[in-house]
Amino acid sequence: MTATEQHIDEILIPILEQVTDPEIPVLSIMDMGVVRSAKVENGVARVEITPTYSGCPAMDVIGDDIKKALNEAGYDSEIELILAPAWTTDWITPRGRKALEAYGIATPLDPEADKEVLLQGKRMVKCPLCGSTNTKMVSQFGSTACKAQFQCEDCQEPFDYFKCLK
Amino acid sequence: MKNENLYQYILGIADNSLILGQRLGELCGHGPSLETDIACTNISLDLLGQVRNYYQYAVKIANDGRTEDNIAMLRKEREYLNVLLVEQPNTDFGYTIARQFLFDVYHFMFLNELQKSNDLTLSAIATKSIKEVSYHQRFSSDWIKRLGDGTEESKKRIQTAIDELWTYTDELFHLTEVDKLMISDGIGVDVTKLKESYYNKVNDILEEATLQVPESKYFQKGGKKGIHTEHMGYILADLQYMQRTYPNMAW
Numbered sequence: 000m001t002a003t004e005q006h007i008d009e010i011l012i013p014i015l016e017q018v019t020d021p022e023i024p025v026l027s028i029m030d031m032g033v034v035r036s037a038k039v040e041n042g043v044a045r046v047e048i049t050p051t052y053s054g055c056p057a058m059d060v061i062g063d064d065i066k067k068a069l070n071e072a073g074y075d076s077e078i079e080l081i082l083a084p085a086w087t088t089d090w091i092t093p094r095g096r097k098a099l100e101a102y103g104i105a106t107p108l109d110p111e112a113d114k115e116v117l118l119q120g121k122r123m124v125k126c127p128l129c130g131s132t133n134t135k136m137v138s139q140f141g142s143t144a145c146k147a148q149f150q151c152e153d154c155q156e157p158f159d160y161f162k163c164l165k
Numbered sequence: 000m001k002n003e004n005l006y007q008y009i010l011g012i013a014d015n016s017l018i019l020g021q022r023l024g025e026l027c028g029h030g031p032s033l034e035t036d037i038a039c040t041n042i043s044l045d046l047l048g049q050v051r052n053y054y055q056y057a058v059k060i061a062n063d064g065r066t067e068d069n070i071a072m073l074r075k076e077r078e079y080l081n082v083l084l085v086e087q088p089n090t091d092f093g094y095t096i097a098r099q100f101l102f103d104v105y106h107f108m109f110l111n112e113l114q115k116s117n118d119l120t121l122s123a124i125a126t127k128s129i130k131e132v133s134y135h136q137r138f139s140s141d142w143i144k145r146l147g148d149g150t151e152e153s154k155k156r157i158q159t160a161i162d163e164l165w166t167y168t169d170e171l172f173h174l175t176e177v178d179k180l181m182i183s184d185g186i187g188v189d190v191t192k193l194k195e196s197y198y199n200k201v202n203d204i205l206e207e208a209t210l211q212v213p214e215s216k217y218f219q220k221g222g223k224k225g226i227h228t229e230h231m232g233y234i235l236a237d238l239q240y241m242q243r244t245y246p247n248m249a250w
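Quick note, the sequences are listed as chains A and B, same order.
Numbering-wise (numbering that gives the first Met the number 0), the first sequence opens with residue 0 and increments by one.
Numbering-wise (numbering that gives the first Met the number 0), the second sequence opens with residue 0 and increments by one.
There's no promise every hint is true.
Unchecked claim - Now the stretches of chain B that chain A is said to cover, found in silico as 3 or more residues with beta-carbon under 8 Å: (1) 37 to 50; (2) 116 to 130; (3) 134 to 141.
Rather than coming from a laboratory, the hints here were simulated on the basis of the structure.
Computed from a predicted structure; not experimentally measured.
By construction, the Cβ of each residue, glycine as well, lies at the ideal position given by its N, Cα and C atoms.
Chain B with its partners taken away, still in its complex shape (with noise of 0.2 Å):
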């Protein structure tokens, strides 16, 4: 492939809101109320039209015959680029909006700065998709406030979420050799320099929302580099189940 570089960086991005998106979608039906049930499975939805664009725009970088379907459902689990954070499962509904903040913050940071992009596809999803992840995050923000100064019960839990996924986020900000070409390209993001209005931000709404800021300094990695977490192999043996069982099935 010509382009393999801005090929697997799509992907990078891409593959976040897929397994986001696919986690949420696990609520449909099972969330704690009607309204944050519909609210989750909308996010998804926003998420996963998201994923279309650049994985449409993927498959034309390739241009061998691969379809987005076959990205979305036919590779093995070390071919996904996501970070760790957005394979962690709906513990609760604590844990589900605290992964849900902590990713939120991050990616409207991160489009933010995609939208300046020089490439002009990237740029077009990432002012499309900024205007949907705003009400993300103002919806995961609003409900870690309610969760952290609501009851002694949804206190301990939201606390105890976000203490648990605290160690995810540091990869967030990790650069990848595929990210490196692509920011001295002028296509990439150089996250690195998101690190820290990341932390004032999250750490602003924490506090504001009555909760600890965690203080641990270990993080985990691998993600962005296709090593996962045990629950990856979870997800992707539901996400692929109908195209494994019947290879080229379509609508």
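Looking at chain A on its own, in the form it has when it is part of the complex (with noise of 0.2 Å):
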């Protein structure tokens, strides 16, 4: 890891994975990335967080979570939001991308995944209901900041892509 390396206390991350995106209820927020580093200094457990998207409602809610989920296991919380290095889908893990998956979310390809579909190249988004790459995009733009809108042309289900950031 070079610019986006993380920082985080080894005790804090059993609390810290507690802790999940509200509008992705399966995705805890240290496999969606967005923490950038949790040390606990003098008693006071300092947070870094992310944010996906700048306009992402959800981050204030993470916060607000953190610092609960971290009381409830006895520490006093400092959050800060930081913007640099920028939140990129890389972060995802495996595991959250299992997570999505299993939840319905195609995760991300590469960055010009959803713009092939739109200009009828290569199909490479997979459905996650039935797995076809016979998919189309509905929408650039999704029921959340972070995500497209596809369908199925087999087995016609509609379905979220979590949209490419890099």
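Dock chain to chain to rebuild the complex, using the hints, since each chain is given by itself in its own frame.
See the structure below:
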């Protein structure tokens, strides 16, 4: 790891893993890669988080939830929102990706994947329900800032695609 | 204030996104289709998120007790520094898309340069925002082509919107006194250097969309100095209503 290196105290990891994204409750904030550092200094837990999207309304809730979880574990805490380095979908862990798929959200591919679909190019986005890649984009913007709307041409189910952000 | 120029510079950037975000927010529940409605409000959300990052930084610079909400909600019309383009109304979907497209192409190029600012906070906000704006630009450019190369009616409407809004594009590349100071400090972006590539890019997409590039040489200006079109007062009436009616109200 280079500029994206995280500094997280091992004792805090199990606590932070309990906190999930309020909009995608199967995904812990650790698996989402939004926690950039977490350490205990003089009995106070200092946690740095970074937003997925600038306007993501979940960030305020996540901050409050971290405070609550740490408080229950006996820590006072300070949460800071940092912008650099900017979050990328590459920081979603393999376990996070599996959780997304199981929840019915297709995981991010490379940045051109959804554009290809739009331009009738190679279809790469896999339907999380039946596994077919015969899918089409309905809209580049979906139910939350981080998702696009897709539909499977085989099983006909609509589904969310977690947009690639690099 | 010690850093008045930097403060004003930040507001100049952020106000564009605030007013455009407010305009797009007006479409919530009123878009022409569900997908475009959601897209416009998603873009609005991105812009307002970016605005918060800028205003939170401006508040730190000011360091005199004012809050990001004060800056957003309680200034007078002449104190908003957004360009005239972003305050133009959602006349029809053609205008909404034309306004978005003409701004997105600029916004992307602007942020690309702002990433190189030696002000680390502005550079971080730009690096974060540009990822979102690349999606905005793709959305509006695609719709320009779809409407331009669509039906006779869609073509007529998008051409009218482009022709009408063209008059507000030149202002994007005007330098204020604050801009000049910020450029010499290595903080600000010299927007005059973006002008040529902006019109090249816009013209390419218009041509691809089988639309005419407007030939008008007459341009409007004033927003960067706080002199706005008549639409601005109505936007602020909407935007500021709650804070003016119930001062200091919070969520």
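Results of checking the hints against the structure:
1. Closer than 8 Å: that is the beta-carbon criterion, and the segment 37 to 50 of chain B has 10 residues meeting it against chain A, so the requirement of 3 holds.
2. A stretch counts as covered by a chain when three or more of its residues have a beta carbon under 8 Å from one of that chain; for the segment 116 to 130 of chain B and chain A the count is 9, and the coverage holds.
3. With 4 residues carrying a beta carbon less than 8 Å from a beta carbon of chain A, the segment 134 to 141 of chain B meets the three-residue requirement, and the given coverage holds.
When the structure is compared with the earlier hints, no violation turns up for any of them.
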